[in-house]
Amino acid sequence: MASLFSLNSRPQALFRLASAANRSVRCTVAEHHQVLNKFYAVQQTRDDDLFSFVTPSETSVPDPSKSTTIPGAKSQDAAARREPQFFELVEYVTNRTGRKRAVKAGQVRQTAWLRLFQLANSSEQLETVAELFPRWRDSGKEFRPIHAEAFVRRCEELNCPTLALKVFGDHSKYGLALSSLFAARHMLHSVYDKRPLSDSMTVAALFGVYKLPPVSSDLAACSMLYVACLKDNSANARIVAKALYEELHKQVQDKPPVKAPQESVIRARYAEKPNIWLLDALKTIEKVHKKTGKEWRWIRYWTTEREWRPRDTFTPIQPATAAEHA
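Sequence positions in the sequence shown follow the working numbering and run 1 to 326.
Heads up, some of the hints might be wrong.
To be verified - Once the Cα atoms are required to be at most 27 Å apart in a straight line, the calculated DSS-like pairs of lysine-lysine come out as:
#1 Lys-194 x Lys-231
#2 Lys-273 x Lys-194
#3 Lys-283 x Lys-194
#4 Lys-291 x Lys-231
#5 Lys-287 x Lys-250
#6 Lys-291 x Lys-259
#7 Lys-259 x Lys-242
#8 Lys-287 x Lys-242
#9 Lys-104 x Lys-173
#10 Lys-242 x Lys-231
#11 Lys-141 x Lys-104
#12 Lys-166 x Lys-141
#13 Lys-255 x Lys-211
#14 Lys-242 x Lys-294
#15 Lys-283 x Lys-294
#16 Lys-290 x Lys-242
#17 Lys-242 x Lys-291
#18 Lys-194 x Lys-294
#19 Lys-273 x Lys-290
#20 Lys-255 x Lys-242
#21 Lys-273 x Lys-287
#22 Lys-294 x Lys-255
#23 Lys-250 x Lys-290
#24 Lys-250 x Lys-211
#25 Lys-255 x Lys-283
#26 Lys-255 x Lys-273
#27 Lys-287 x Lys-259
#28 Lys-250 x Lys-273
#29 Lys-194 x Lys-290
#30 Lys-166 x Lys-194
#31 Lys-166 x Lys-231
#32 Lys-211 x Lys-166
#33 Lys-290 x Lys-255
#34 Lys-211 x Lys-141
#35 Lys-194 x Lys-242
#36 Lys-211 x Lys-173
#37 Lys-141 x Lys-173
#38 Lys-250 x Lys-294
#39 Lys-287 x Lys-231
#40 Lys-231 x Lys-294
Derived from the structure by calculation, the hints contain no laboratory data. If you're wondering where the values come from, they're calculated on a predicted model, not measured in any experiment.
Make the full structure from the sequences, and use the hints.
The following block contains the structure:
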């Protein structure tokens, strides 16, 4: 199946739900995935000179090793500092971006956006940041894949995935491209389990709009969208689910099994998330298939087999007979 959205049997009603996506957008597949964990670790200990026009004393943070406050008080102090830092950086970016900069001195760095995403402490604050995106484009600058990944991640953390749908669905306004497969997968993960199927279909449509690999060709994305269709269980959803199931079953036969890491430190790494999401979705599929009487053993065999062998059908590995041991 070349693309989920080239199926002759595609349900027109569901695909119209994805019309919010701006299909006239043109973008290219950008550079390989840049891991976000490094930034999230480093940004806690350094400001990366976001305010290049301010003296160090104005942006310095007290040394935690010299503090005598208890951990609870430290947490409250950090929370109290976040809001003024957020609005200070919003003002700095606003004054130094756009077609006509209000302040000529100083320069907004790429990392300023990552810092803003982290400082935003509510969906309203994150939307305030999103409204600044057009000013970046008007300054002749472009966002990078890491910005798309960080924005989607923060939208999920602040429980506002529809903001990501709004921004990536209107590229002509915001200028933030869904140029990363990691970001697209993450956005699907943020909506497939708890949001209406229409949101998952919109994300699926954006895969094609931004010229990413089709949803059906990616195991994690295919599994999550299939779960969304199973949960909806409408007539149109069942048509899409049938096509996704066939593609998912075919891919599982052709690819080695995926194992999720057990160590919490490794599981927290952003690069490990797609495999974790895939296995979570497969567990849900297995549970639903058991309940509805559909075939599920192929999932169990694929996720538990120790030695992978491509084959047309999944059968348990039989124990050796006594004759074979002789």
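Hints broken by the structure, by number, lowest first?
-> none
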